[in-house]
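Participant: Each chain, written out:
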Amino acid sequence: MASLTIDNVKKRYGQTEILKGINISIAAGEFLILVGPSGCGKSTLMNSIAGLEDVSEGRILIGDKDVTFASPKDRDIAMVFQSYALYPNMTVAENISFGLEMRKVPKEEREAEVQRVADMLQIGHLLKRKPAQLSGGQRQRVAMGRALARRPKMYLFDEPLSNLDAKLRVEMRTEIKKLHQKLGTTIVYVTHDQIEAMTLADRIAVMKDGEVQQLGTPQEIYDNPANLFVAGFMGSPAMNFVPAKVVEQNGSYALELQAAAPTVVPFPKAEKLAAYVGKSILLGLRPEMITEPQPHKEGAEFVTTANVEVEVTEPMGADTMVITRIQDAEVNCRCNPAYPAAPGKVIELMFDTSKAVAFDEATGQRIDL
Amino acid sequence: MSNVAKRQTSTLDKVLRVALYATLLSVAFIYLAPFLVMLLTSLKDVEEIRTGTLLSLPGSLNLDAWSKAWSSACTGGQCEGIGPYFMNSFQIVLPAVAISTLLGALNGYVISHWKFKGSDLFFAALLVGCFIPFQVILLPMARTLGWLGIANTTTGLVFVHVVYGVAFTTLFFRNFYQSIPGELVKAARLDGAGFFTIFWRIILPVSTPIIVVTVIWQFTQIWNDFLFGVAFSGFDTQPVTVALNNLVNTSFGGKQYNVDMAAAIIAALPTLVVYVLAGKYFVRGLTAGSVKG
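Read top to bottom, the protein sequences are chains S and D.
Letter 287 of the first sequence, counting from 1, is numbered 287 in UniProt numbering, and no numbers are missing.
Letter 53 of the second sequence, counting from 1, is numbered 53 in UniProt numbering, and no numbers are missing.
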């Protein structure tokens with residue numbers, strides 16, 4: 001177990017800068033998730049931590065040790081790959097013990113370790129098989145077993161679940177979380193799946209174009225995204241961005257939306273809007289904050305009702321997503337399935353702006369932080 | 001079975017089918033005829049050859065020509081048959097195949113998984129080697145062998161074949177290793193394995209198909225080589241192809257076609273055996289690398 005410090009790491013291929021000065025530091029035992037769209041540099045950063053790629057600038061520290069120039073085998077880390085990368089010519093047991101063998105661990109110890117890992121992951125009955133004879137989920141377990149066997153200081157997971165089918169992915173996700181709770185080791189985990197990121201992480205680093213957009217706990221990232229990109233990337237369905245005009249009202253500021261009729265909604269940190277009076281901003285509102293009128297919220301401080309026209313409804317069982325339009329912006333609302341929303345109909349919805357956020361239209365940055 | 005019986009076949013279908021088989025059989029015959037003539041001729045005695053036709057069957061099974069070709073026919077001044085040269089060929093082919101295959105595997109491994117600055121250029125340069133005609137390098141190679149002090153020796157011939165073969169073997173292995181995921185090598189590096197350990201323990205064990213292809217290819221190429229054999233071998237290190245040429249060109253009195261044919265078949269036998277034993281891997285392995293990627 002060890003902490004990890006990434007200090008102003010840059011990576012260039014010729015003229016192209018893949019990583020543009022990454023600063024992340026996590027404590028020992030933390031579960032860090034690097035999330036972002038394809039090509040955002042998260043895998044490059046992961047490979048740099050592993051030592052499989054050199055960095056052009058900056059330092060990487062594992063614990064107190066500077067490993068920027070150490071070779072992969074001297075960093076004492078283990079990695080689980082997307083393709084699992086099991087050695088096809090070796091049995092499961094040999095796969096798990098290969099790393100120990102390379103580190104000249106005596107045979108009896110290796111066998112004991114294989115047994116321990118196999119018990120932990122319930123793959124004891126597979127030990128004599130070759131990887132080709134295993135199912136996807138079993139290979140995934142073996143790949144984790146191989147990482148666990150060496151008891152390294154840190155684990156790296158590179159999109160480990162993306163080759164599994166949906167059901168298995170959810171199962172393995174839970175399993176990885178349990179494993180982390182049991183072992184308490186430092187984990188760095190790369191994914192492009194924001195649900196994986198939310199469910200697993202102690203801390204999330206949202207990346208885009210080689211830069212960390214925001215580093216924080218899942219709840220911080222969800223509730224207080226730093227910019228439009230983070231807000232839109234995390235959460236499913238994504239946060240709504242509603243164009244709104246800042247108006248002065250009773251000595252404070254509020255936002256005017258063009259629903260079926262112009263509607264003024266209050267905003268929690270109204271004083272931050274002062275500079276934008278008369279201008280348009282983007283109001284960020286999660287779908288679950290726009291619902292059918294709920295009696296218990298009636299009259300609460302940041303609750304407003306407004307009429308909107310329904311475009312499409314998407315029943316999901318527990319909820320029905322109602323899609324409407326406010327001033328050219330598509331708006332997702334999470335309604336009770338019993339609420340009679342039908343395409344073409346004008347219905348009344350309740351806007352709860354107590355957790356709303358506001359973004360500058362031009363820069364995409366939060367303006368109410 | 002019942003479905004097959006019920007299937008309707010028109011007369012036209014049947015005629016076409018017969019025509020197809022007739023064409024295939026005649027082409028196969030044309031292709032195999034030379035070998036059949038060789039085999040038949042080698043089993044006749046000289047008298048029979050002179051009186052009979054090419055395709056007439058031998059009157060009795062006569063293996064004299066074979067034993068003569070192997071152990072007593074004259075090749076130039078020597079009259080020991082092609083047996084000794086047959087052994088020479090093995091002494092050249094076995095090490096040359098082994099070394100060039102191993103070097104090709106190492107090169108392919110480096111080019112695919114340990115890319116260095118200029119490795120693509122290195123590969124392109126090696127590829128050029130595949131297109132250089134044998135004749136072009138005869139003189140420079142003769143100088144080189146002389147300078148190295150291995151002219152006219154088996155070692156020299158092995159050297160020439162290794163140098164010439166590495167371009168092809170590297171190409172084969174590189175294409176095959178392209179389809180091995182790079183994550184496998186990364187995983188092994190994290191596990192603490194070094195360059196050669198990964199090669200021996202991870203990469204080579206999965207290379208069987210391409211090793212078979214390369215061995216067949218190199219064995220056939222080197223065994224059948226005549227030009228390097230005749231140019232760079234010494235008097236007693238000549239490969240069997242050169243000896244066969246000498247045998248056919250050495251005549252006292254009448255031409256002994258039966259001995260010539262027997263010698264030719266003996267000289268061709270090893271490549272045939274290799275192909276029959278490992279042939280099914282050949283096509284499989286040749287296409288293995290090219291499908292993916």
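One should not assume that every hint holds.
Below 25 angstroms or equal to it, Euclidean Cα-Cα: the simulated PhoX-like pairs (lysine-lysine) are [stated by the list, open to error]:
#	chain 1	residue 1	chain 2	residue 2
1	S	K272	S	K245
2	D	K117	S	K20
3	D	K115	S	K10
4	D	K117	S	K10
5	S	K73	D	K280
6	D	K117	S	K73
Far from chain S, by Cβ distances over 10 angstroms, these chain D residues were calculated [unchecked claim]:
#	residue
7	A98
8	A167
9	F168
10	A188
11	G192
12	A193
13	T197
14	K255
15	T271
Label-pair ranges, simulated between beta-carbon atoms [stated by the list, open to error]:
#	chain 1	residue 1	chain 2	residue 2	range
16	D	G129	S	R151	26 to 36 angstroms
17	S	A238	D	K117	54 to 64 angstroms
18	S	P106	D	Q135	32 to 42 angstroms
19	S	F69	D	P84	53 to 63 angstroms
20	S	R59	D	R143	52 to 62 angstroms
21	D	D13	S	L168	48 to 58 angstroms
22	S	Y13	D	F35	38 to 48 angstroms
23	S	F69	D	P133	44 to 54 angstroms
24	D	T153	S	R151	52 to 62 angstroms
25	D	P133	S	T5	51 to 61 angstroms
26	S	K167	D	K117	57 to 67 angstroms
Since the hints were made in silico from the structure, they are not lab data.
Even glycine gets a Cβ: it sits at the ideal position worked out from N, Cα and C.
Participant: So, for every hint listed, does it hold in this structure?
Facilitator: Now the hints, each set against the structure:
Distance check on the hinted pair: K272 (chain S) and K245 (chain S) sit about 14 angstroms apart at the alpha-carbon level, within 25 angstroms; holds. Our distance criterion of 25 angstroms between C-alpha atoms is met by K117 (chain D) and K20 (chain S), whose separation comes to about 23 angstroms. Among the hinted pairs, K115 (chain D) with K10 (chain S) is consistent with the structure: their alpha-carbon atoms are about 21 angstroms apart, no more than 25 angstroms. The hinted pair formed by K117 (chain D) and K10 (chain S) meets the criterion: a straight-line CA distance of about 20 angstroms does not exceed 25 angstroms.
Note on K73 (chain S) and K280 (chain D): the hinted pairing is violated, with a Cα-Cα distance of about 41 angstroms set against a maximum of 25 angstroms. Our distance criterion of 25 angstroms between C-alpha atoms is met by K117 (chain D) and K73 (chain S), whose separation comes to about 23 angstroms. A cut-off of 10 angstroms between C-beta atoms confirms that A98 (chain D) is not in contact with chain S; the least separation is 21 angstroms. No Cβ of chain S approaches the Cβ of A167 (chain D) within 10 angstroms, the least distance being about 28 angstroms, so the stated non-interface status holds.
Distance to chain S confirms F168 (chain D) as a non-interface residue, since its nearest Cβ pair spans about 25 angstroms, more than 10 angstroms. With a least beta-carbon separation of about 7 angstroms from chain S, A188 (chain D) fails to lie farther than 10 angstroms from that chain, contradicting its non-interface assignment. Taking the minimum C-beta to C-beta distance to chain S, about 4 angstroms, the non-interface status of G192 (chain D) is violated against the 10 angstroms cut. With a least CB separation of 5 angstroms from chain S, A193 (chain D) falls inside the 10 angstroms interface cut-off, contrary to its annotation.
Against chain S, the non-interface label of T197 (chain D) is violated: not every CB pair exceeds 10 angstroms, the least being about 7 angstroms. With a least beta-carbon separation of about 55 angstroms from chain S, K255 (chain D) lies farther than 10 angstroms from that chain, consistent with its non-interface assignment. No Cβ of chain S comes within 10 angstroms of the Cβ of T271 (chain D); the nearest lies about 30 angstroms off, and the non-interface call holds. A C-beta distance of roughly 48 angstroms is found between G129 (chain D) and R151 (chain S), which places it outside the suggested range of 26 to 36 angstroms.
A hinted range of 54 to 64 angstroms is violated for the C-beta pair A238 (chain S) and K117 (chain D), which are about 43 angstroms apart. Between P106 (chain S) and Q135 (chain D) the C-beta distance comes to about 60 angstroms, which lies outside the given range of 32 to 42 angstroms. Roughly 60 angstroms separates the CB atoms of F69 (chain S) and P84 (chain D), a value that falls within the hinted 53 to 63 angstroms. The beta-carbon spacing between R59 (chain S) and R143 (chain D), approximately 55 angstroms, falls within the hinted interval of 52 to 62 angstroms.
In this structure, D13 (chain D) and L168 (chain S) meet the distance hint of 48 to 58 angstroms, their C-beta atoms being roughly 50 angstroms apart. Distance hint check: the CB atoms of Y13 (chain S) and F35 (chain D) are about 57 angstroms apart, inconsistent with the given range 38 to 48 angstroms. A hinted range of 44 to 54 angstroms for the beta carbons of F69 (chain S) and P133 (chain D) is consistent with their spacing of about 48 angstroms. Distance hint check for T153 (chain D) and R151 (chain S): the Cβ-Cβ separation is about 56 angstroms, which falls inside the suggested range of 52 to 62 angstroms.
The hint said 51 to 61 angstroms for the Cβ distance between P133 (chain D) and T5 (chain S), and at roughly 60 angstroms that hint holds. The hinted window of 57 to 67 angstroms between K167 (chain S) and K117 (chain D) is violated, with their beta carbons roughly 46 angstroms apart.
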